[in-house]
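Read top to bottom, the protein sequences are chains A and B. Mind the numbering: the first sequence is residues 1 to 328 in the UniProt record's numbering, read in order. Mind the numbering: the second sequence is residues 1 to 328 in the UniProt record's numbering, read in order.
Think of the hints as simulated: they come from the structure by calculation, not from any bench. A quick note: this is a predicted structure, and the numbers were derived from the prediction, not measured. Don't be surprised by glycine CBs; every beta carbon is placed ideally from N, CA and C. A couple of the hints might just be wrong.
Restricting the straight-line Cα-Cα distance to at most 27 Å, the calculated cross-link-like pairs of lysine-lysine (DSSO-like) are [as the list claims (entries may be wrong)]: (1) A:Lys2 / B:Lys315; (2) B:Lys139 / B:Lys2; (3) B:Lys42 / A:Lys2.
Have a look at the derived ranges for each label pair, beta carbon to beta carbon [as the list claims (entries may be wrong)]: (4) A:Glu40 / B:Phe204: 43 to 49 Å; (5) B:Asp31 / A:Cys32: 57 to 63 Å; (6) B:Asp31 / A:Asp236: 25 to 31 Å; (7) A:Asp311 / B:Phe204: 48 to 54 Å; (8) A:Glu123 / B:Asp323: 40 to 46 Å; (9) A:Asp311 / B:Asp277: 44 to 50 Å; (10) A:Glu210 / B:Glu121: 49 to 55 Å; (11) A:Asp236 / B:Val9: 16 to 22 Å; (12) A:Met115 / B:Asp277: 53 to 59 Å; (13) B:Pro221 / A:Met115: 32 to 38 Å; (14) B:Ala198 / A:Ala39: 42 to 48 Å.
So, partial list: chain B residues that the calculated Cβ filter (under 8 Å) puts toward chain A [to be verified]: (15) Lys3; (16) Phe4; (17) Ile5; (18) Asn6; (19) Thr8; (20) Gly55; (21) Pro58; (22) Thr107; (23) Ile234; (24) Ile271; (25) Asn273; (26) His287; (27) Thr289; (28) Gln301.
Chain residues, written in single-letter form:
2 protein chains.
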Amino acid sequence: MKKFINDTVLVEEQMILGMVKAYPRHLKKLDCGNVVVRAEKKEGKVALISGGGSGHEPAHGGFVGTGMLDAAVAGPVFTSPTPDQIYEGIKAVATDAGVLMIVKNYTGDVMNFEMAAEMAEMEGITVKHVVTNDDVAVKDSLYTIGRRGVAGTVFVHKIAGAMAETGADLDKVQATAQKVIDNVRTMGAAIEPCTVPAAGKPGFTLSDDEMEIGIGIHGEPGTHREPVKKADEIVDMLLSQILEDIDYSGSEVAVMINGAGGTPLMELYIINNRVSDVLAEKGIRIHKTFVGEYMTSIEMQGFSISLLRLDDEMKQLLDAAADTPAWN
Amino acid sequence: MKKFINDTVLVEEQMILGMVKAYPRHLKKLDCGNVVVRAEKKEGKVALISGGGSGHEPAHGGFVGTGMLDAAVAGPVFTSPTPDQIYEGIKAVATDAGVLMIVKNYTGDVMNFEMAAEMAEMEGITVKHVVTNDDVAVKDSLYTIGRRGVAGTVFVHKIAGAMAETGADLDKVQATAQKVIDNVRTMGAAIEPCTVPAAGKPGFTLSDDEMEIGIGIHGEPGTHREPVKKADEIVDMLLSQILEDIDYSGSEVAVMINGAGGTPLMELYIINNRVSDVLAEKGIRIHKTFVGEYMTSIEMQGFSISLLRLDDEMKQLLDAAADTPAWN
Chain A
1 MKKFINDTVL
11 VEEQMILGMV
21 KAYPRHLKKL
31 DCGNVVVRAE
41 KKEGKVALIS
51 GGGSGHEPAH
61 GGFVGTGMLD
71 AAVAGPVFTS
81 PTPDQIYEGI
91 KAVATDAGVL
101 MIVKNYTGDV
111 MNFEMAAEMA
121 EMEGITVKHV
131 VTNDDVAVKD
141 SLYTIGRRGV
151 AGTVFVHKIA
161 GAMAETGADL
171 DKVQATAQKV
181 IDNVRTMGAA
191 IEPCTVPAAG
201 KPGFTLSDDE
211 MEIGIGIHGE
221 PGTHREPVKK
231 ADEIVDMLLS
241 QILEDIDYSG
251 SEVAVMINGA
261 GGTPLMELYI
271 INNRVSDVLA
281 EKGIRIHKTF
291 VGEYMTSIEM
301 QGFSISLLRL
311 DDEMKQLLDA
321 AADTPAWN
Chain B
1 MKKFINDTVL
11 VEEQMILGMV
21 KAYPRHLKKL
31 DCGNVVVRAE
41 KKEGKVALIS
51 GGGSGHEPAH
61 GGFVGTGMLD
71 AAVAGPVFTS
81 PTPDQIYEGI
91 KAVATDAGVL
101 MIVKNYTGDV
111 MNFEMAAEMA
121 EMEGITVKHV
131 VTNDDVAVKD
141 SLYTIGRRGV
151 AGTVFVHKIA
161 GAMAETGADL
171 DKVQATAQKV
181 IDNVRTMGAA
191 IEPCTVPAAG
201 KPGFTLSDDE
211 MEIGIGIHGE
221 PGTHREPVKK
231 ADEIVDMLLS
241 QILEDIDYSG
251 SEVAVMINGA
261 GGTPLMELYI
271 INNRVSDVLA
281 EKGIRIHKTF
291 VGEYMTSIEM
301 QGFSISLLRL
311 DDEMKQLLDA
321 AADTPAWN
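One chain only, chain A, in its complex shape (with noise of 0.2 Å):
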């Protein structure tokens, strides 16, 4: 295993710092564990709070800012973070106006998550969460029931974040991220795995010609492999597997080409080349159109696809701006 690290077992701490120092006036790191706040608590409105393993970033320690989160948890390398590092993040920001928890379904998550909010909630603290599933690859996966939360939580923390910035009421800004986990769907593929620092060798093996479809944020498996094929035959089949789950003909998109950390951007332009010319022959308008890195799996070779439909509130929200270190 080749990796610019110290020691596998200061990989998140060190992460973590090194993010913080980057972005003092965004974030600051609470003493307690790998847990990232805005750098100034915002008073008054609802706080945003996310999280999950590490191994994703920019998620979500890039998402904490202005606009978007007020805190992010960072566990361990693709591993839950624990309720207590949970419950001291939502301790950190908590308002009077709540807490929205934006949990990505995975079931460890979930449950953490979960019991964080109730240790909350013992201290008076408002928490209400909602789940985010935007993976229409798998039904049920290793470790999920129920479709997986990958990249298109990045749009919960935006449009959601943006209506907390208003002053809206918990349950408004739940209703918020709800109404984007209702709209927006994911699917990605991988030629080349990634390696978890503290396993020191890849999660799974391809061999020189395969690819896998539909694979998961953590390299868990997602619909078959097949023999890598042209970027476009790759996007048709993407987008294909995306549009069957929801028809999005007529509607106003926002799009995410997201990169799983170890693609160049160069393909990830030749991939929206396609997914842009196959959108407008199917009359898929696009509002707004993302590319670059959102949820990544370490240095995966691979991306995904994400579609949002958005209705005049949500592109408004969408486009509010936002001051955090890894959205533009």
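The hints should help you fit chain B onto chain A, whose structure is shown.
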């Protein structure tokens, strides 16, 4: 070779098309080649143009927009664009205030940009240029007489671009660009190579425990190879060579931790953790830190550290708002 592409001969064009389709508010592509210009031409200001071989995305097209570049010319992967192509870019964005070319110091680029400038001058367009050469690793290289231009070039785009936006004249914009060049130094390292699509195999090989110190952005040789060390030791090695070239003690600097394309953000943050600590120890104050992909080498696994010494004017220009796909 596994890549998300369609055809090795279509890589550059489909990439540029996909980029422009992602950011139609910012960018348009000229019909005559892989030249990206601002969606709306800005009259009355000095026009900034840069470019070079493809494979360094988001450089340079991702930096076209308000407050940075007016045009970016993309040659084949790792190959200079032709004088004709650069000339078309100049013509498309030239204003009465003149044109400044920002050229990375590679023999082909410098020659072709200069020839394009001569063609434009014959049409009555005033063109000046600066040559970036921030890489302290090697004095001369495979493709260069003198030091190579690498990630520090993006600081030139930002600061000279902000100066141009104020309405400053061509001499002032050129002098500002040169001031950045005089004060920025960079050095990088890599643990895995990249593959030029048309070549079909990696440009170099490293053994399982080996890294290349001082590597160029085309994978060209640096100072030496040695066994991979801890991230902190690699940082110390790179920083000490940078600080030997310019003594930044007592200065205020901007820091760029630039990913080479395949390096996960996790590792870039770990690298920044050390960079930040070492600069603090040495009494070098950090005005702002940038961590991400600015000047890549396709999917190479590597990074570079750039330090830019700032004065008050440069700080203000660096902090000025910019609206481009890739700067945030």
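Going down the list of hints, with the structure as the test:
{"no.": "1", "hint": "A:Lys2 / B:Lys315", "result": "violated, 37 Å"}
{"no.": "2", "hint": "B:Lys139 / B:Lys2", "result": "violated, 34 Å"}
{"no.": "3", "hint": "B:Lys42 / A:Lys2", "result": "violated, 46 Å"}
{"no.": "4", "hint": "A:Glu40 / B:Phe204: 43 to 49 Å", "result": "holds, 47 Å"}
{"no.": "5", "hint": "B:Asp31 / A:Cys32: 57 to 63 Å", "result": "holds, 58 Å"}
{"no.": "6", "hint": "B:Asp31 / A:Asp236: 25 to 31 Å", "result": "holds, 27 Å"}
{"no.": "7", "hint": "A:Asp311 / B:Phe204: 48 to 54 Å", "result": "holds, 51 Å"}
{"no.": "8", "hint": "A:Glu123 / B:Asp323: 40 to 46 Å", "result": "holds, 43 Å"}
{"no.": "9", "hint": "A:Asp311 / B:Asp277: 44 to 50 Å", "result": "holds, 47 Å"}
{"no.": "10", "hint": "A:Glu210 / B:Glu121: 49 to 55 Å", "result": "holds, 54 Å"}
{"no.": "11", "hint": "A:Asp236 / B:Val9: 16 to 22 Å", "result": "holds, 21 Å"}
{"no.": "12", "hint": "A:Met115 / B:Asp277: 53 to 59 Å", "result": "violated, 35 Å"}
{"no.": "13", "hint": "B:Pro221 / A:Met115: 32 to 38 Å", "result": "violated, 54 Å"}
{"no.": "14", "hint": "B:Ala198 / A:Ala39: 42 to 48 Å", "result": "holds, 46 Å"}
{"no.": "15", "hint": "Lys3", "result": "holds, 6 Å"}
{"no.": "16", "hint": "Phe4", "result": "holds, 4 Å"}
{"no.": "17", "hint": "Ile5", "result": "holds, 5 Å"}
{"no.": "18", "hint": "Asn6", "result": "holds, 5 Å"}
{"no.": "19", "hint": "Thr8", "result": "violated, 11 Å"}
{"no.": "20", "hint": "Gly55", "result": "holds, 7 Å"}
{"no.": "21", "hint": "Pro58", "result": "holds, 6 Å"}
{"no.": "22", "hint": "Thr107", "result": "violated, 24 Å"}
{"no.": "23", "hint": "Ile234", "result": "holds, 7 Å"}
{"no.": "24", "hint": "Ile271", "result": "holds, 6 Å"}
{"no.": "25", "hint": "Asn273", "result": "holds, 3 Å"}
{"no.": "26", "hint": "His287", "result": "violated, 11 Å"}
{"no.": "27", "hint": "Thr289", "result": "holds, 4 Å"}
{"no.": "28", "hint": "Gln301", "result": "holds, 7 Å"}
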